[in-house]
Structures are given as structure tokens and as C-alpha cells.
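Top line first, the protein sequences correspond to chains A and B.
Residues in the first sequence are numbered consecutively from 362, following my numbering.
Residues in the second sequence are numbered consecutively from 138, following my numbering.
Rather than coming from a laboratory, the hints here were simulated on the basis of the structure.
Note that this is a predicted model, so its numbers are computed, not measured.
Certain hints may be false.
[As the list claims (entries may be wrong)] If you want the footprint, here are the derived chain B segments under chain A, 3+ residues with CB under 8 Å:
id, segment
1, 164-170
2, 174-188
3, 267-281
By construction, the Cβ of each residue, glycine as well, lies at the ideal position given by its N, Cα and C atoms.
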Amino acid sequence: MSQEHHQSFLTKYIFSTDHKMVAKQFLLLALAMAVFGGFYAFLIRWELAYPNQPAPFFGVVTPDKYNVIITLHGTIMLFFVGMPLLNAFPSNFLVPLMIGARDMAFPRLNMASFWMTFVAAILLISSFFVPGGPVAGGWTGYAPLSASSEFTGVKAGAVLWILSLALIFIASSLGGINYLVTVVTMRAKGMTYSRVPLTVWFLLAAAMTFFLAVGPILAGAFMLLMDNVFGTGFFLPGKGGEPLLWQHLFWFFGHPEVYVLFFPTLGFVLDISAVFARKPVFGQKLIIGSTVVAIALSFIVWAHHMFQTGMNPTLVTPFAITTILISVPFAIIYICMFLTIHNGSISLEPPMLWALGFLATFLVGGLTGIFLGAAGADIYLHGTYFVIAHFHYTMFPSVFFGGYAAINYWYPKMFGRMLNKTAATIHFVLTFIFFNCTFWPLFIVGMGGMVRRIADPSFYPQFSPFVHLNIFATISAMCLIATQTIFLWNFFSSMKNGKKAELNPYQANTLEWLAQSPPPHGNWGPKLPVVTSGPYEYSEPNKTEDWHTQAPSYKGEASHG
Amino acid sequence: MASRVKAADKRLKEQPKIEPAMLGILLFIVVEVMFFAGLISSFLVFRLSPIQWPPAGQPRLPIEVTAINTVVLLLSGFVFYKASQVLSEDKKGLYLSLLSLTAFLGILFLATQGYEWVHLVKYGLSASSNVYGGFFYALVGMHGFHVFGGVLALLWVLVRSLMGAYSSKQHLGVDLCRTYWFFVVGLWPVLFGLIYF
Numbered sequence: 362m363s364q365e366h367h368q369s370f371l372t373k374y375i376f377s378t379d380h381k382m383v384a385k386q387f388l389l390l391a392l393a394m395a396v397f398g399g400f401y402a403f404l405i406r407w408e409l410a411y412p413n414q415p416a417p418f419f420g421v422v423t424p425d426k427y428n429v430i431i432t433l434h435g436t437i438m439l440f441f442v443g444m445p446l447l448n449a450f451p452s453n454f455l456v457p458l459m460i461g462a463r464d465m466a467f468p469r470l471n472m473a474s475f476w477m478t479f480v481a482a483i484l485l486i487s488s489f490f491v492p493g494g495p496v497a498g499g500w501t502g503y504a505p506l507s508a509s510s511e512f513t514g515v516k517a518g519a520v521l522w523i524l525s526l527a528l529i530f531i532a533s534s535l536g537g538i539n540y541l542v543t544v545v546t547m548r549a550k551g552m553t554y555s556r557v558p559l560t561v562w563f564l565l566a567a568a569m570t571f572f573l574a575v576g577p578i579l580a581g582a583f584m585l586l587m588d589n590v591f592g593t594g595f596f597l598p599g600k601g602g603e604p605l606l607w608q609h610l611f612w613f614f615g616h617p618e619v620y621v622l623f624f625p626t627l628g629f630v631l632d633i634s635a636v637f638a639r640k641p642v643f644g645q646k647l648i649i650g651s652t653v654v655a656i657a658l659s660f661i662v663w664a665h666h667m668f669q670t671g672m673n674p675t676l677v678t679p680f681a682i683t684t685i686l687i688s689v690p691f692a693i694i695y696i697c698m699f700l701t702i703h704n705g706s707i708s709l710e711p712p713m714l715w716a717l718g719f720l721a722t723f724l725v726g727g728l729t730g731i732f733l734g735a736a737g738a739d740i741y742l743h744g745t746y747f748v749i750a751h752f753h754y755t756m757f758p759s760v761f762f763g764g765y766a767a768i769n770y771w772y773p774k775m776f777g778r779m780l781n782k783t784a785a786t787i788h789f790v791l792t793f794i795f796f797n798c799t800f801w802p803l804f805i806v807g808m809g810g811m812v813r814r815i816a817d818p819s820f821y822p823q824f825s826p827f828v829h830l831n832i833f834a835t836i837s838a839m840c841l842i843a844t845q846t847i848f849l850w851n852f853f854s855s856m857k858n859g860k861k862a863e864l865n866p867y868q869a870n871t872l873e874w875l876a877q878s879p880p881p882h883g884n885w886g887p888k889l890p891v892v893t894s895g896p897y898e899y900s901e902p903n904k905t906e907d908w909h910t911q912a913p914s915y916k917g918e919a920s921h922g
Numbered sequence: 138m139a140s141r142v143k144a145a146d147k148r149l150k151e152q153p154k155i156e157p158a159m160l161g162i163l164l165f166i167v168v169e170v171m172f173f174a175g176l177i178s179s180f181l182v183f184r185l186s187p188i189q190w191p192p193a194g195q196p197r198l199p200i201e202v203t204a205i206n207t208v209v210l211l212l213s214g215f216v217f218y219k220a221s222q223v224l225s226e227d228k229k230g231l232y233l234s235l236l237s238l239t240a241f242l243g244i245l246f247l248a249t250q251g252y253e254w255v256h257l258v259k260y261g262l263s264a265s266s267n268v269y270g271g272f273f274y275a276l277v278g279m280h281g282f283h284v285f286g287g288v289l290a291l292l293w294v295l296v297r298s299l300m301g302a303y304s305s306k307q308h309l310g311v312d313l314c315r316t317y318w319f320f321v322v323g324l325w326p327v328l329f330g331l332i333y334f
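Next up, chain A with everything else stripped away, as it sits in the complex (with noise of 0.2 Å):
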């Protein structure tokens, strides 16, 4: 099954049915996206620092504009960068490596679902081509503002932006059962449950909550869609709709949806933590079920997002409770990830450093949550910056430092050749320094009452004392887009003057590291790999070398030539 036939450059970069060329087509989507999404965090941290200046490449960044620009940001650093980035880039490429199959269990719908994203990509971007300019009510969409044009002046728009997200959301899906059919049909002989890798569970555990909780939002966006189109009034109360309903259905996917962006990294850095401190991931069992009762959880804490909104308050304490519950199987996962590099021989390659650096700023996040989860504290912090400090701690180090990790770390199987290992090692750093440059300031602003979604920070005398954290976060936040070159550089210049890959660069236990770096179409020699380890193996006592693959009696390609 091994086929090495030729293929039209349509068939082979275009309609691509490999696994392993659709990950690539997610990966530069998501990059792509990222330029949009990264140039939008200029413009707004430009105007929260120098409001009413002409921003560069840009102009003066007007309150109707910066209300666009809010929106597009989160869209698109969300659903286009995370979920690209971290769920189906990943998915596609590691799920049949890392598993021992030759492909997707359906490759066509593999391919169905890279090209319906391209195409929400595009009808996100043509909204700003239409009259009334793209979708101006922030990127949760909050109904009054999002279901009718008399509030924004935004009408064609709000119905792209629906069905851009409508689509991306069915794409993901489909997707998503792809990669969980592919798995229970599909693994090599050998590899059970137990010995399949963690960043293919957690990628599963994504997939999986991904499309349990998408059902509601796309409810959600129906209904909203009818009252744009067809002039219903479900979330509009001057037609006897309720406005809460809208965010009851969103944050119930909205949830979910923070955890669908954040387990591909848990199972990244578990990995990638086994490999580089030279020891096996500690409590593997003990990590796979905390996950099961954090995605039960997460379907039972969304109403932690209204704790403001004038919901009905008895469900506050409930909610309050859940919420702070969540935080206990993450923490027993985090403690895990400790004790994985506890005592390890550590060697600070790029992937790790990135592991690391998760490690670190995560913990900031997840911290800073407790305060928001519980109510009384929240009311204070909801409406300030505290929220968006807290938000881009959970969400870039999961995000960026995950992806950029995974990108680190499988680029010699993906390109065949070694990023620059100096140049990775100074976009670590400069992104780290930047990153916490860019955020911290924002917790003490918010801390202050800074209220965020304004535009100008200037009409407003209270905010006055915080003009120079302001100031300073801007030109951290500047450096950091700056710093992203390097890796671009690094990420496109490697594929061709990168030094030569080999099959195992970092002697690592998991199947992929077998195949040819790039592995072929169907991935595997004449024989597929049988599997008769864990992926955890390193450094056991009474043996020569610290590590033994999965599949030692697999022979590769040898056998063909």
C-alpha cells in the first residue's frame, strides 16, 4: 500500500488527500491567519497607548474601527490561528504517525474539512468588501449587537462573520470524528490504549470536546442568523427575545472551547517533557483520568462568563463552585508535568524551552482564574483588563508556546530538515521576555479599573495614572510581534538551508521517529510498524541505551530500497 506514484501538482499541494500535506495546508493557514490576528494586536495596544494618532500602515484607529478590529482579533486568534494551529495541524499530521496507520480513516473528509476552513477564512475576510464593513460587536457576539443592524450599522457583515463561524465550526467537526474514527479503527498492531502517546490522547480529548460542545453555538448561530435574515427576534427583547439566551448558547461552547485550544499543548509538553528530561511522563493514568472529569466539568461551568449579566443569581454559587472544582484536575495534570522533569537530565533544546516557558506563564493564568471564578472577586475584575491579562496568559502560552513547541519539535519529520537551533533559541527567549512584558502591566491596570472594550483611554481622566503601563505594554507588545520574524525566518529558510534531518534527531520512543523524515504517501515501508512497548521508556535501569522505540522489529523502508 505504500504507493509511490506520481501526482499532478494539483492532486498533490492543492486537493491533497495526505494526512500529512493537509496538516501543512492547516499549519500556513493558521500562520497566515496569525499575521492578520498579530497586526490587529498592533492596532489595538497603538491606540489604548497613543490614542487618536495615526497608527502605522494603518491610519488613526476611529472607535467604530477599533470595535472591528477588537472582533477580528479574537475571531481570528481563536478559531483560525488556535484551533488550525493546535487541533487540526497536529491531528492531521501525528494522529496515523504516532499510532502507526497510513492515513486518515476518511481522507476525502480530511481534505473536505482543510478546504470548508479556507473557505470561512475567505468569507471573513470578503466582510470587509461589503457595505456596513465586517461584524463590530466583539468576538463573542453578544446579541443585542450581534443580531441586529441598528446597533453597529453592521449588517452583510454580521451574516459572513455567522457563517464563516458556522462553517469552521462544521469543518472542525468533521474533522474532529476523523481523527477520533481514525484512532479506534485504525492504531497498528500492538498499540493499545495504554501505549498510544499522550498528545494523541489529549489531541482526542480536544477533538472530542470540541464536538460535544459545538452542537449549541451552531443552534445559537442559527437562530441568530434568523434574526438577521429573516427578521426574528429570538435574542432581541423589543421582539420579545432574551438577549442572555445568546450567551448561554455561546459559553457553553465557549468553555469547552478554552480547553479544545489548550489540551494538544498539555499533550505536547508531556511529551516533549519525557524526551528531554531523559524520564517517563509521571501518572499517565493519573493524567488521562483528571482529563475525563475536567471535560465533564467544563460542560457545567460556562455560566462563570455572566457572573455580571444579570442572570438568575441563585445559579451564581453553583456555577462559582464548579468553576473553582475545575481547577483541581489541572492542577493534579501540572503536578504530573513536574514531577515528569523532576530529577531529569535536562538538555534546553528549543522544544523544551518552549515546554518550559509553558510551564512557567501557564501557571499565571491558571491562578489568575481562581480570582475570576469566584463571584465576589469577579464583579470587581470582570469588566477591567484583569480579564485580558488573564485570558492571553491562558490562551498565548497555550496557543503560541504549545504550537510553537510542536512546530520545534516535529519540524525535522515534517520538512526533513533541522530548524536553526540559535535562532530558535533567541525567538524563546525575546517571545518569553515580551510576552510577560506585554501582560503583567495589564493585571495591575485592571487591578486599577481599567475597563476594558474602550477605545479611547484618554476621555476617560480616571484611567490617567496608568498611561505609562499603557505605554510600556505597547512597545512590549510591538517587540513581541517583531520577535515572531525570527521565527518565521528560521521556519521558512530551514526547509531549504536547514541541516539535513535525521530519522530520530532526539531518540525518541514514539513511532513517528521510525517513519522517513518527511515520511512518504502511506508513511510506512511495505510492513507496518507492530508495537510492543509504552511510549514512556526512557532510561531503565539495567539497560545500555536510555531509550528503545515503540516498534523495534519495524524495518522501514530498507527493505525496498
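Chain B: place on chain A using the hints.
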């Protein structure tokens, strides 16, 4: 250790193999169930609130016709079940007529629903004047859309059956279509009970 490895390998071999496409369609139905759960809960937020339901001046919903139509749809599910039963006994002729009957009943259901919609629009049940009308069209319309998708799948399977693609040994396409059809059939009585009473 080696014996444990062997035991694990043996277990893996003995596991009944799940057809990937069947697992895929079941997971897809899970997403669909969550979708309708979202719509139905939104409906219940209004239905169970103290506001008057239905609001004054709304046309009466055609309970009797729709009840008969419900029976039609349930019958189509039963006929499909019978069809795949006779397919497993390789009674091809009977199978084809039963499958055609299923498709016919599905189309009849859709046509009746459409006919009732036209009447309701004429009698002044509008989607935009209040939430009551909005939910009627949203729930019934979304279900109808799914039945339409199911009918298309049915017709596709019917064409493939006429070409002789299925037998007692090879019937995955029929099974997938039947699973999905059971979902749209099973959903309707729930919606009927919620909306019309």
C-alpha cells in the same frame, strides 16, 4: 512482561472491529443531537417562562394532519427496518420495493409539511412578528431540512441498489443511511410533542 504484551496483543485481535464509517456516522449524530438539544433548550426557555404561549391571535396549528404525518414518518422508519431485514436474506425484489416505499413515505412527509407551512403563512403565522412563530419555523424547518438530507441519501442508496451494489454480505451503505434515517425519524415525535401541544 512478555506474557502481558502477548495478552494485550491477543485482546486487540479479538476486539470486534467497528466499521469506521458507522462509527463516523454515529459521532456525527451525536453532534446533531447536541445541535437539536441547543435549539430545544432555547425553545423551552420561552415555553416554560410565564409569558402567554401561544401568544394571542396566532393561527391554530394543524395538530390532526401533523399527527397523521407523524405516523407516516414513523412508518417509513419501520419499512426501512424491514427492508434491511429482507436484504440480509437476499430477497432483492422485496428489498427494492420496501426501500422505494421508505423514500416515498419520506417525500410524502416533506410534502405534507410544506403544504401545512404554506397554509400557516397564509393564516398569518409569521417568523418575524414574535418568538412563537420564529421557533415554529426554526424547529420544524431545521427538522425538515434534515429529512430532506435523509431523503437525498435514501435516493442515492436506492439508485445504488438498482445498480445491484448491495447484498446480504455488502450492505454498509444501507446501514449508514438507515442509521441516519432512524435519527431524523426518532427526533420528530419529540419535536411534535413540544411544538404542537
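| query | Count the residues of the segment 267-281 of chain B with a beta-carbon closer than 8 Å to any beta-carbon of chain A: does the count reach three? | reply | Since three or more residues must qualify, the claim that chain A covers the segment 267-281 of chain B holds, with 8 doing so at under 8 Å.
*Are there at least three residues in the segment 174-188 of chain B whose beta carbon sits under 8 Å from a beta carbon of chain A?*
holds (count 8)
Count the residues of the segment 164-170 of chain B whose CB lies closer than 8 Å to any CB of chain A, then report whether that count reaches three. Answer holds; 6 residues pass the 8 Å Cβ test.
Hint compliance for this structure: no hint is broken.
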